[in-house]
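Residue-level listing of the chains:
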Amino acid sequence: MSKKMATRDAYGEALKELGRVNKDVVVLDADLSKSTRTNWFKEEFPERFINVGIAEQNLIGTAAGLAAAGKIPFASSFAMFATGRAYEIIRNSVAYPKLNVKIAATHAGITVGEDGASHQSVEDLSLMRTIPNMVVINPADGVEAKAAVLEAAKYNGPVYIRLGRSKVPVIFNEDDYKFEIGKGIMLEDGTDATIIATGVMVSAALEASKKLAEEGIRVRVINIHTIKPIDKDIIVKAAQDTGAIVTAEEHSIIGGLGSAVSEVLVENYPVPVEKVGIKDTFGESGNSDELLVKYGLTAEDIVEAVKKVISRKRG
Amino acid sequence: MEKHAEFKKIATTLRKNIIKMLNESGSGHPGGSLSACEIVTALYFKEMRIKPEQPKWEDRDRFILSKGHAAPVLYAALAEKGYFAKEELMKLRKAGQMLQGHPDMKGTPGVDMSTGSLGQGLAAANGMALAAKLSNKDYRVYALLGDGEVQEGMIWEAAMFAAHYKLDNLTVFLDHNGLQIDGENKEVMNIEPIDKKWEAFGWNVIKIDGHNFEEIFEALDKARETKDRPTIIIAKTVKGKGVSFMENKVGWHGTTPNDEETEKALAELGGEM
Numbered sequence: 001m002s003k004k005m006a007t008r009d010a011y012g013e014a015l016k017e018l019g020r021v022n023k024d025v026v027v028l029d030a031d032l033s034k035s036t037r038t039n040w041f042k043e044e045f046p047e048r049f050i051n052v053g054i055a056e057q058n059l060i061g062t063a064a065g066l067a068a069a070g071k072i073p074f075a076s077s078f079a080m081f082a083t084g085r086a087y088e089i090i091r092n093s094v095a096y097p098k099l100n101v102k103i104a105a106t107h108a109g110i111t112v113g114e115d116g117a118s119h120q121s122v123e124d125l126s127l128m129r130t131i132p133n134m135v136v137i138n139p140a141d142g143v144e145a146k147a148a149v150l151e152a153a154k155y156n157g158p159v160y161i162r163l164g165r166s167k168v169p170v171i172f173n174e175d176d177y178k179f180e181i182g183k184g185i186m187l188e189d190g191t192d193a194t195i196i197a198t199g200v201m202v203s204a205a206l207e208a209s210k211k212l213a214e215e216g217i218r219v220r221v222i223n224i225h226t227i228k229p230i231d232k233d234i235i236v237k238a239a240q241d242t243g244a245i246v247t248a249e250e251h252s253i254i255g256g257l258g259s260a261v262s263e264v265l266v267e268n269y270p271v272p273v274e275k276v277g278i279k280d281t282f283g284e285s286g287n288s289d290e291l292l293v294k295y296g297l298t299a300e301d302i303v304e305a306v307k308k309v310i311s312r313k314r315g
Numbered sequence: 001m002e003k004h005a006e007f008k009k010i011a012t013t014l015r016k017n018i019i020k021m022l023n024e025s026g027s028g029h030p031g032g033s034l035s036a037c038e039i040v041t042a043l044y045f046k047e048m049r050i051k052p053e054q055p056k057w058e059d060r061d062r063f064i065l066s067k068g069h070a071a072p073v074l075y076a077a078l079a080e081k082g083y084f085a086k087e088e089l090m091k092l093r094k095a096g097q098m099l100q101g102h103p104d105m106k107g108t109p110g111v112d113m114s115t116g117s118l119g120q121g122l123a124a125a126n127g128m129a130l131a132a133k134l135s136n137k138d139y140r141v142y143a144l145l146g147d148g149e150v151q152e153g154m155i156w157e158a159a160m161f162a163a164h165y166k167l168d169n170l171t172v173f174l175d176h177n178g179l180q181i182d183g184e185n186k187e188v189m190n191i192e193p194i195d196k197k198w199e200a201f202g203w204n205v206i207k208i209d210g211h212n213f214e215e216i217f218e219a220l221d222k223a224r225e226t227k228d229r230p231t232i233i234i235a236k237t238v239k240g241k242g243v244s245f246m247e248n249k250v251g252w253h254g255t256t257p258n259d260e261e262t263e264k265a266l267a268e269l270g271g272e273m
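Top to bottom, those sequences are chains A and B.
Residue 315 is where the first sequence ends in the working numbering, and the numbering goes up by one at each step.
Residue 273 is where the second sequence ends in the working numbering, and the numbering goes up by one at each step.
To be clear, the hints were calculated from the coordinates, so they are not data collected in a lab.
A couple of the hints might just be wrong.
As the list claims (entries may be wrong) - Simulated pairs of lysine-lysine, DSS-like, Cα-Cα distance not exceeding 27 angstroms:
id	chain 1	residue 1	chain 2	residue 2
1	B	Lys133	A	Lys228
2	B	Lys137	A	Lys23
3	A	Lys23	B	Lys133
4	B	Lys106	A	Lys16
5	B	Lys222	B	Lys197
What the hints assert, rightly or not - With beta-carbon atoms standing in for the labels, derived distance ranges:
id	chain 1	residue 1	chain 2	residue 2	range
6	B	Asp228	A	Asp175	28 to 38 angstroms
7	A	Met186	B	Lys86	40 to 50 angstroms
8	B	Lys166	A	Phe282	35 to 45 angstroms
9	B	Lys166	A	Gly70	18 to 28 angstroms
10	B	Arg49	A	Glu17	32 to 42 angstroms
11	A	Ile54	B	Asp209	36 to 46 angstroms
12	A	Glu47	B	Arg224	16 to 26 angstroms
C-beta atoms are modelled at their ideal positions from N, C-alpha and C, and glycine is treated no differently.
Produce the entire structure from the sequences given, and follow the hints as far as they go.
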């Protein structure tokens, strides 16, 4: 895990690849193309790149029209503005008619860092998850992000892909990685508890698993890259096999992965759950690593949560 | 023969069907549907290149009813064109039926875009017009906006966009009847000078009487001939047009006629129940 790559860089790469093989792919941005990496697509396919200016509602509405006329638009901005500012347009103009719009939003989560709370989107997964017809993807690393973008282009319907600003450890091997929408991935097996993680928290989960192993605690680690539709089978099986679950996400503990996993468990196989995530609070300025510590999103926090959830297991 | 008698007859048929379907549903929006009858008639019965037997034909002209609450006028026109059976009109807004309260492109043949939440139709129209340019296709895109609807900020994001990208294959009608739910535009939130605003945003602006076919057709001709910029046809209309007791009455925005009112309205329009 020594190599690092930002998922937004993977997005830029994937767009270039898509542009070459699929002439219907059109990329839209709202004056953030250098940050979202859509300018990489623009350099190669200027005629298929559309800047809407600082106007996120129009970004999504225009994408809806393009999709209704047979194009495959990728609309990009920062997660805060793409999902928050344009929420109702996404719901009514994209998801309701199930149009083939891909919303790939970068700078998600608290690790956007120094810009502070106004730019730290910790509700986007929750917002997108409640909309019918919407597929919600949160890749763990660059390899997964690129594969997710390529797969999203093949899927016919609205997709939200959450991407980050900071470089994150590369977990997967590009040569043998296969992305399937809605399919969780078991990264490690164990019997004492299961850590279900998403996005940048997957590498923290793997780190936590190592630390726990040193203390003789064996955990299963599952990567949920698709928050919706969520992989119910892998979650229920983990509950049956290990009897306790910890969820980990760089997102509010309300409405995101933790909530989604809890919903599956209470309806199928209730076991104790501990949620590692942003605890219903706004963030603040700081560098990514400082913020991850301050808001309880480190491997150590996951370790603590695992110990706590094991103590809550029923005899 | 009176000029455009044929189109006037169609507009009257649409009006009658609007009244009938709203009476039947007991819910819906007569005022803004009646004000747009000539515009919708001109588009569907003369201007637009469409194939009702092939609603998803790729090269068809598109129409987006941005003021989605005027769905009855669109449904009446689509039924008249044969996109679906006229009996469907009488099932408007009923559970389990095709005709939703606001247009649903997935459920109704001939509906090109789902609308209803105001302010979103123009951006979608832009996307379709842009798609035509990107694919070197010559279809045109038409949209109908309400005058209250232009109070939405997103309309102006989209207005800026259409001019910036020189979408001359886009023609927009503004159904300028002057009324919205809470009263007159000028009292609720003044939109004037509306022509100057669109001009300032880089649009070709044409002002007409929205109930006069001669003027509508002429404006559409001019729009088609205009290059490098989109056209907006600001159509002065009367809300509730054609039914004397509904004309210019705010209250008829979203109130449906009872049986007695329906009979009276149809009698005025020259039809029977």
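What are the numbers of the hints the structure violates, in ascending order? Of the numbered hints, 1, 4, 6, 7 do not hold.
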